[in-house]
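Asker: Let chain A serve as the given structure and place chain B on it in line with the hints.
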Amino acid sequence: MFKKLFLYLLIANFFFTNKIFAAESGGMPQLDPEFWISQIFWLVLTFGFLYIVLSKLILPKISANLELRKSQIQENIEAAEKQREGSEAKLKEFDGIILKSKIEAKNIFKDAREKVIKNINSKKEILDKQIDDEIKKAEVEIDTLRQSAPEKINKIAVVTSTEILKKLIGAEVNNSSISAIVDDLVKKNGDKYYGH
Amino acid sequence: MAANPMTQFEVYRIGPEIKVGAFDISFTNASLFMVISSLAILIIFNLGSKKNSILPNKIQLLAELSYSFVSKMISDTAGSKAKPYFSFIFSLFMFVLFCNMFGMIPYTFTVTSHIIVTFILAAFIFIGVTVIGFIKHGFGYLKLFVPSGVPIVLLPLIVVIEIISYLSRPISLSVRLFANMMAGHTMMKVFGGFVVSLGIVGGWLPLSFSVALTGLEILVAFLQAYVFAILTCIYLNDALNLHH
Numbered sequence: 001m002f003k004k005l006f007l008y009l010l011i012a013n014f015f016f017t018n019k020i021f022a023a024e025s026g027g028m029p030q031l032d033p034e035f036w037i038s039q040i041f042w043l044v045l046t047f048g049f050l051y052i053v054l055s056k057l058i059l060p061k062i063s064a065n066l067e068l069r070k071s072q073i074q075e076n077i078e079a080a081e082k083q084r085e086g087s088e089a090k091l092k093e094f095d096g097i098i099l100k101s102k103i104e105a106k107n108i109f110k111d112a113r114e115k116v117i118k119n120i121n122s123k124k125e126i127l128d129k130q131i132d133d134e135i136k137k138a139e140v141e142i143d144t145l146r147q148s149a150p151e152k153i154n155k156i157a158v159v160t161s162t163e164i165l166k167k168l169i170g171a172e173v174n175n176s177s178i179s180a181i182v183d184d185l186v187k188k189n190g191d192k193y194y195g196h
Numbered sequence: 197m198a199a200n201p202m203t204q205f206e207v208y209r210i211g212p213e214i215k216v217g218a219f220d221i222s223f224t225n226a227s228l229f230m231v232i233s234s235l236a237i238l239i240i241f242n243l244g245s246k247k248n249s250i251l252p253n254k255i256q257l258l259a260e261l262s263y264s265f266v267s268k269m270i271s272d273t274a275g276s277k278a279k280p281y282f283s284f285i286f287s288l289f290m291f292v293l294f295c296n297m298f299g300m301i302p303y304t305f306t307v308t309s310h311i312i313v314t315f316i317l318a319a320f321i322f323i324g325v326t327v328i329g330f331i332k333h334g335f336g337y338l339k340l341f342v343p344s345g346v347p348i349v350l351l352p353l354i355v356v357i358e359i360i361s362y363l364s365r366p367i368s369l370s371v372r373l374f375a376n377m378m379a380g381h382t383m384m385k386v387f388g389g390f391v392v393s394l395g396i397v398g399g400w401l402p403l404s405f406s407v408a409l410t411g412l413e414i415l416v417a418f419l420q421a422y423v424f425a426i427l428t429c430i431y432l433n434d435a436l437n438l439h440h
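The listed protein sequences derive, respectively, from chains A and B.
Residue numbering for the first sequence is 1 to 196, as defined by our numbering.
Residue numbering for the second sequence is 197 to 440, as defined by our numbering.
In isolation and in its complexed conformation, chain A is listed as follows (with noise of 0.2 Å):
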């Protein structure tokens, strides 16, 4: 039944679009010559405005823009160039400032360490001068002790023999003839007594 009705009203339209186009005068209104004149006018008159105001108002303002902008960009980029630049500038003089202290401690350090070092080894000098000082004294009061030392033993020998002598036998010995015994014993084993 659509089917039916579907090709009815097909048909029904084409009849109805062949009296449409039926009606049509023919020709093209393009190459109807009487309004020619008054459209050239009209172009020229329009297209001659618009001409005039873009190429004397409107164009050169977008020109300037666009110039405008490149130019603040470009300015922009240049500052940051040169901002950077003085900033690497900056960061060179402060490396060099640090190397400079560094070198600078250093050398403090160094000279620090050279003083200490110098009074140490002075004061270690006036030190061992004195330990010196101190060491050869005691030597030579050694050395006088023990120089004195046989005569002192060899008296108190001759000495303590009397005593031992005078309480064993009850007389009195001659001092002189002990000490000569005891020289001879001096003289003959001194040298192991002492250790010369």
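Some chain A residues close to chain B (C-beta under 7 Å, calculated; not the full set):
1. PHE35
2. ILE37
3. LEU43
4. PHE47
5. TYR51
6. LEU54
7. LEU59
8. ILE62
9. ASN65
None of these hints come from the bench; they were simulated from the model.
Note that beta-carbon positions come from the ideal geometry of N, C-alpha and C, so glycine has one too.
Answerer: Just chain B now, with coordinates in the frame of chain A:
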């Protein structure tokens, strides 16, 4: 409603008849759309150039993109010597583009679908380019018709062909735009008529065609404006930089 696909191209008077001497310069619907197109261009580009912010707004971006688009087109095809003619080519491109685009709105009139309009534009370009060529190169401009590296035997034939092709430039330029616009709009009208006549049952097919055609015609409207402008640049290039 007129179903004749050609009635959309009819020109009729709006307002009174104005006559200057023997010439009828009445304000017609064609004049109306020329005025509308020009004003639209001027308003858009005026808004687009009013304020200059580093970060452009939409309309400024549009204006600046169009500017650089046309500028690049000219420098690519005609070189840096064509800079003084930038304003003219820009106006031409925008005028043709806007007339084409306004024609795409239903019930409007397409200015560029009239041979007389496109022919006047093309003739002006042709005469202008020829005058520029003769001013720049003197009679040396005639060397344009004598290509280098052609055997002497063929030369007369080539020269004749070159002259004919040169003289047919305004015709080809104007007919190309006019025929494209007229054919496109006629076709859309015909398919629109089919939609009406086939009604709700069979009208869907031509309707879908119509939709597709509208997209195509918008493309053609842009493309023809571009072609018109770029051919002008090429002719200008011949006049400015004589290659032959």
